[in-house]
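Chains U and R supply the protein sequences, listed in that same order.
The numbering of the first sequence is the working numbering, which starts it at 1 and goes up by one.
The numbering of the second sequence is the working numbering, which starts it at 1 and goes up by one.
Since the hints were derived computationally from the structure, they do not count as laboratory data.
Note that the Cβ used here is the ideal one computed from N, Cα and C, for glycine as well.
Wrong hints could be hidden among the right ones.
[Unchecked claim] Calculated cross-link-like contacts (lysine-lysine; reagent style DSS-like; alpha-carbon spacing at most 25 Å):
id: 1; chain 1: U; residue 1: LYS297; chain 2: U; residue 2: LYS125
id: 2; chain 1: U; residue 1: LYS172; chain 2: U; residue 2: LYS349
id: 3; chain 1: U; residue 1: LYS176; chain 2: R; residue 2: LYS28
id: 4; chain 1: U; residue 1: LYS172; chain 2: R; residue 2: LYS62
id: 5; chain 1: U; residue 1: LYS356; chain 2: U; residue 2: LYS66
id: 6; chain 1: U; residue 1: LYS4; chain 2: U; residue 2: LYS356
id: 7; chain 1: U; residue 1: LYS297; chain 2: R; residue 2: LYS81
id: 8; chain 1: U; residue 1: LYS37; chain 2: U; residue 2: LYS172
id: 9; chain 1: R; residue 1: LYS81; chain 2: U; residue 2: LYS238
id: 10; chain 1: U; residue 1: LYS183; chain 2: U; residue 2: LYS4
id: 11; chain 1: U; residue 1: LYS238; chain 2: U; residue 2: LYS297
id: 12; chain 1: R; residue 1: LYS28; chain 2: U; residue 2: LYS37
id: 13; chain 1: U; residue 1: LYS176; chain 2: R; residue 2: LYS62
id: 14; chain 1: U; residue 1: LYS238; chain 2: U; residue 2: LYS128
id: 15; chain 1: R; residue 1: LYS62; chain 2: U; residue 2: LYS37
id: 16; chain 1: U; residue 1: LYS172; chain 2: R; residue 2: LYS28
[Unchecked claim] Here's a subset of chain R near chain U, in silico, CB distances under 7 Å, partners left out:
id: 17; residue: GLU32
id: 18; residue: ARG35
id: 19; residue: ILE36
id: 20; residue: GLY79
id: 21; residue: ILE80
id: 22; residue: LYS81
id: 23; residue: LEU82
id: 24; residue: GLY83
id: 25; residue: ILE85
id: 26; residue: LYS86
id: 27; residue: ALA89
[As the list claims (entries may be wrong)] Here are a few chain R residues that face chain U, going by a calculated C-beta distance under 10 Å:
id: 28; residue: GLY26
id: 29; residue: GLU31
id: 30; residue: GLU92
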Amino acid sequence: MNPKEARIVIIGGGISGASIAYHLAEAGCTDVTLIEKGYLASGATGRCGAGVRQQWGTRLNCQMAKESVAFFERAEEILGYDGDVEFKQAGYLIVGTNEEEDARFAENVALQQALDIPAEHLTPKQAKRLIPHLNTEGVTSATFCPTDGHLNPFLMTDAFYHAASERGVRFKTYTKVTDVRVKDGRVAGVETTAGDYPADVIINAAGGHAQLVGQMAGVEIPVQSQNREILVTEPIEKIQDPMVISFSRNIYCQQTPHGSFVMGRGDNRPSGYTTESSWQFLEAMAQTAVTLLPPLKDLRVVRQWGGLYNLSPDRQPIIGGTEVEGFYIACGYSGHGFMLAPVTGRLMKEIVLGEKPSLPLEELSLERFDGEDTEAYEQSVV
Amino acid sequence: MDKRDVIVCRCSDLTLADLEALFNTGYKTFEELKRIARIGMGPCQGTTCGPIVRSAIHRRFKEPIERIPLHRARPFNIGIKLGAIKEAADDES
Ligand SMILES: Cc1cc2nc3c(=O)[nH]c(=O)nc-3n(C[C@H](O)[C@H](O)[C@H](O)COP(=O)(O)OP(=O)(O)OC[C@H]3O[C@@H](n4cnc5c(N)ncnc54)[C@H](O)[C@@H]3O)c2cc1C
Ligand code: FES
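Next comes chain R alone, as it looks inside the complex:
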């Protein structure tokens, strides 16, 4: 199958061909890829594409898969509305 037709990150619309082009310019970790191409930054925050990217890195750089870190998860687990945070904070004070 043409690598241009293989979707790696559906949230940020990235194909395997895009990913390999990034490998060729010297980017080789999830943290770098995420910043340059928004991989893992979509609504699913990388839960879908994480393992796919990891295996692509594994195949390309021959790193043992368990040594390839996924991207760093940060607060929040689910989105919370600014208004709700403000209300809670106003109530406290």
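Extracted from the complex, chain U is given alone in its bound form:
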């Protein structure tokens, strides 16, 4: 069968599912249906910090992020989108507070520069020049990449949605997949709250619920989900261009184009599916943010919320096939799947259509976890 004529069902209408839908349709797939239990971007995508950075500690993450940035820079043009996805490249400043981090920063910057990512290792003084309100007490060094930034998750998802719809993809929102039918080791279709859909190819892009969808097909995916909280303040005039993050202080904080500040932390939580708001987060967040960026003390918090990180054992995504023929997964983004979405879509298209992979897929495969306890090797995560 010509793979382009396969009946393809994508489960999940977050940024990953939307990008996969667009890339498949753009490549000529004629029968693509995306099924989303809520509305588009109702999962992690619409709850995320919206940050896009290329300053990573593994070659593959650097490459994926760099290629995604190149896509975001021209997203409206590539997708023929009337609106503006609000991609602002004002850089990411990563702040370190101990020698161990300084050493890691030096290694990371060397790797990034070798891949033509324009990152630099800075002294605290140089960092303060970029962000005058940064409290450098206890800061030992920093790294900065001017082409990092942030973009609007709702509008980026909307842009993929429009481009995919124009190319014939059907979107079924408010429809939940309740079971995946497997026959003789290959997929046969999905059952949903609005009827059955026969399928030759099923792509699991269910974010924080990916392991549950995996179980429906009898595939164990070694990921877990954890609530990560985040808040937003009232909008004020522009005072901060770059996103500020710190792994040791446990914070990321950006001023959005709208003027509000969005900030979050990466505290380890019990695995589960709740996305509740807590006082513990609010207090720790206020302490960290006001200490590192003192003028923020006068900003009023207007909302806080939570979303699911889908964590893989080595904090790298899982993109590829499974032991069930026709069942593919794209999950385990470990808190950085928004920024990787353009590459997610492209790689999934290559995998489904059996094209030559443009990046080393072994490092993203489900099989990499077979039989061994992998240690987290991407250290640069909040």
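For chain U, the structure is supplied; the task is to place chain R with the ligands on it using the hints.
Leaving out everything else, chain R with the ligands in the frame of chain U:
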């Protein structure tokens, strides 16, 4: 009256014409509209535009009005300064 002159959400500057354009692209609930167009995300957090949007959805999609959910309210009811939260937290520890 021209729909372009009817303000639906004054905080986020959205007209009835804007709202109907969004309905036409497939968005049909408050939660979706809020995310795509900031309706209900202004200083009043939707207390002004909530009922107006709801009745627009009702007229357009013929859903019984009591079955159309308003958007989800989240903490906080009023804004609290980060500095005040930090001070309170510092005092506790
Ligand atoms: C607080 C927070 C901050 C973050 N900050 C950043 C950041 O700054 N930069 C970054 O790159 N990433 C960030 N992330 C991570 C990022 O949000 C995710 O990696 C990314 O959005 C994943 O997209 P996705 O499409 O794979 O999953 P999701 O957006 O979660 O989409 C999955 C969709 O599947 C649907 N679904 C699930 N089960 C079913 C079913 N049975 N049937 C039908 N539909 C189903 C869900 O409703 C959901 O809409 C952050 C995450 C959180 C929580
Ligand atoms: S009028 Fe819509 S948020 Fe205030």
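Do the hints match the structure? See the list:
1. U:LYS297 to U:LYS125: holds, 22 Å
2. U:LYS172 to U:LYS349: holds, 20 Å
3. U:LYS176 to R:LYS28: holds, 18 Å
4. U:LYS172 to R:LYS62: holds, 20 Å
5. U:LYS356 to U:LYS66: holds, 20 Å
6. U:LYS4 to U:LYS356: Between U:LYS4 and U:LYS356 the Cα gap is close to 16 Å, so the pair holds against 25 Å.
7. U:LYS297 to R:LYS81: holds, 6 Å
8. U:LYS37 to U:LYS172: Holds - the C-alpha atoms of U:LYS172 and U:LYS37 are around 8 Å apart, at most 25 Å.
9. R:LYS81 to U:LYS238: holds, 18 Å
10. U:LYS183 to U:LYS4: holds, 21 Å
11. U:LYS238 to U:LYS297: holds, 16 Å
12. R:LYS28 to U:LYS37: holds, 15 Å
13. U:LYS176 to R:LYS62: Holds. U:LYS176 to R:LYS62 sits at ~24 Å (cutoff 25 Å).
14. U:LYS238 to U:LYS128: This hinted pair holds, its Cα atoms lying about 17 Å apart.
15. R:LYS62 to U:LYS37: Given pair R:LYS62, U:LYS37 holds - Cα atoms ~22 Å apart, limit 25 Å.
16. U:LYS172 to R:LYS28: Roughly 13 Å between the alpha carbons, so the hint for U:LYS172 and R:LYS28 holds.
17. GLU32: Where the cut-off is 7 Å and the nearest Cβ of chain U is about 5 Å from R:GLU32, the hint holds.
18. ARG35: holds, 4 Å
19. ILE36: holds, 5 Å
20. GLY79: holds, 3 Å
21. ILE80: Cβ of R:ILE80 sits 6 Å from chain U, so the hint holds.
22. LYS81: holds, 6 Å
23. LEU82: holds, 5 Å
24. GLY83: Result: holds, 3 Å to nearest chain U Cβ.
25. ILE85: holds, 4 Å
26. LYS86: Holds. Min distance 4 Å.
27. ALA89: At 4 Å from the nearest chain U Cβ, R:ALA89 passes the 7 Å test, so the hint holds.
28. GLY26: holds, 7 Å
29. GLU31: holds, 6 Å
30. GLU92: holds, 8 Å
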